[in-house]
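Asks: So the sequences go chain by chain: S and V. Once you know that position 4 of the first sequence is 4 in the working numbering, the rest is easy, because the numbers rise by one and skip nothing. Once you know that position 100 of the second sequence is 1100 in the working numbering, the rest is easy, because the numbers rise by one and skip nothing.
Don't take each hint at face value.
[Stated by the list, open to error] Computed footprint of chain S on chain V, listed as stretches where at least three residues anywhere in the stretch have a Cβ under 8 Å from a Cβ of chain S:
1. 1028-1034
2. 1066-1077
3. 1086-1100
[To be verified] Have a look at the derived ranges for each label pair, beta carbon to beta carbon:
4. S/Asn28 - V/Thr1106: 35 to 43 Å
5. V/Gly1016 - S/Gly40: 28 to 36 Å
6. V/Ser1012 - S/His10: 27 to 35 Å
7. S/His10 - V/Ser1068: 40 to 48 Å
8. S/Ser96 - V/Lys1026: 20 to 28 Å
9. V/Leu1061 - S/His41: 19 to 27 Å
10. S/Arg9 - V/Gln1009: 22 to 30 Å
11. S/Asn28 - V/Leu1093: 21 to 29 Å
12. V/Val1044 - S/Lys11: 22 to 30 Å
Source of the hints: derived by calculation from the structure; they are not laboratory data. Glycine included, each C-beta is placed from N, C-alpha and C at the ideal position.
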Amino acid sequence: DAGITQSPRHKVTETGTPVTLRCHQTENHRYMYWYRQDPGHGLRLIHYSYGVKDTDKGEVSDGYSVSRSKTEDFLLTLESATSSQTSVYFCAISESNQPQHFGDGTRLSIL
Amino acid sequence: SQQGEEDPQALSIQEGENATMNCSYKTSINNLQWYRQNSGRGLVHLILIRSNEREKHSGRLRVTLDTSKKSSSLLITASRAADTASYFCATALGNQFYFGTGTSLTVIP
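Using the sequences and the accompanying hints, generate a full structural model.
Replies: Next up, the structure:
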């Protein structure tokens, strides 16, 4: 989607290694979200941000941390990756009470 | 979990037919949204219906909302092969969104 860039798009790593996923927006939207998508579960919220340095936990936050030091960037970190964190990760942005706009996802495999 | 559930999980129809998907949810909402996801891509917003609205139209899409039953339906009329995708409902409470597990729609040419 124009205005939202996720990097990397694909990553394969080993259990126990740290991993950081980046979401970059050019829309100046206040809210940014990280979701994971797994078969049979739909999208589940990991963390979200409502402003610079303002973040909160979602439904499945254990094992993940986030940071937002600039309006345009929202980072998701897996401090020590586990195989259960193999998933497709989506970033989304929105303004208050407005629909979300999604990036194209990062496919993460942890071996 | 506040996650919604779509029904059916999978739907296969002929081109030109109508497709109906249903969504049930558990909590109070500000609004309910429908999204579409093509394989390998992110979700794309289709339509938003507010909690005080009962029906909304957008092109070939018709959405209904029944807050007393905590349910919504998405109707796609005169389906096309290009409508083949997964469709998700999402409920919004404050600025958090809760997605269902999706309906996989296949439109056969």
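Asks: Does each hint hold? Answer for all of them.
Replies: Against the structure, the hints:
With a cut-off of 8 Å between beta carbons, the region 1028-1034 of chain V has 3 residues touching chain S; three or more are needed, and the interface restraint holds. Here the region 1066-1077 of chain V counts 0 residues with a CB under 8 Å from a CB of chain S, which misses the bar of 3, and the coverage is violated. Counting residues of the region 1086-1100 of chain V whose CB lies closer than 8 Å to any CB of chain S gives 9, which reaches the minimum of 3, so the coverage claim holds. The hinted range of 35 to 43 Å is satisfied by S/Asn28 and V/Thr1106, whose Cβ atoms lie roughly 38 Å apart.
A hinted range of 28 to 36 Å for the beta carbons of V/Gly1016 and S/Gly40 is consistent with their spacing of about 31 Å. Judged by the Cβ atoms, the range 27 to 35 Å given for V/Ser1012 and S/His10 holds: they are separated by roughly 30 Å. Take S/His10 and V/Ser1068: their Cβ atoms lie about 45 Å apart, and the range 40 to 48 Å holds. In this structure, S/Ser96 and V/Lys1026 meet the distance hint of 20 to 28 Å, their C-beta atoms being roughly 23 Å apart.
Between V/Leu1061 and S/His41 the C-beta distance comes to about 25 Å, which sits within the given range of 19 to 27 Å. As the Cβ distance of S/Arg9 to V/Gln1009 is approximately 28 Å, the hint placing it in 22 to 30 Å holds. Between S/Asn28 and V/Leu1093, the C-beta spacing of about 24 Å keeps the proposed range 21 to 29 Å intact. At about 24 Å, the beta-carbon gap between V/Val1044 and S/Lys11 stays in the expected band of 22 to 30 Å.
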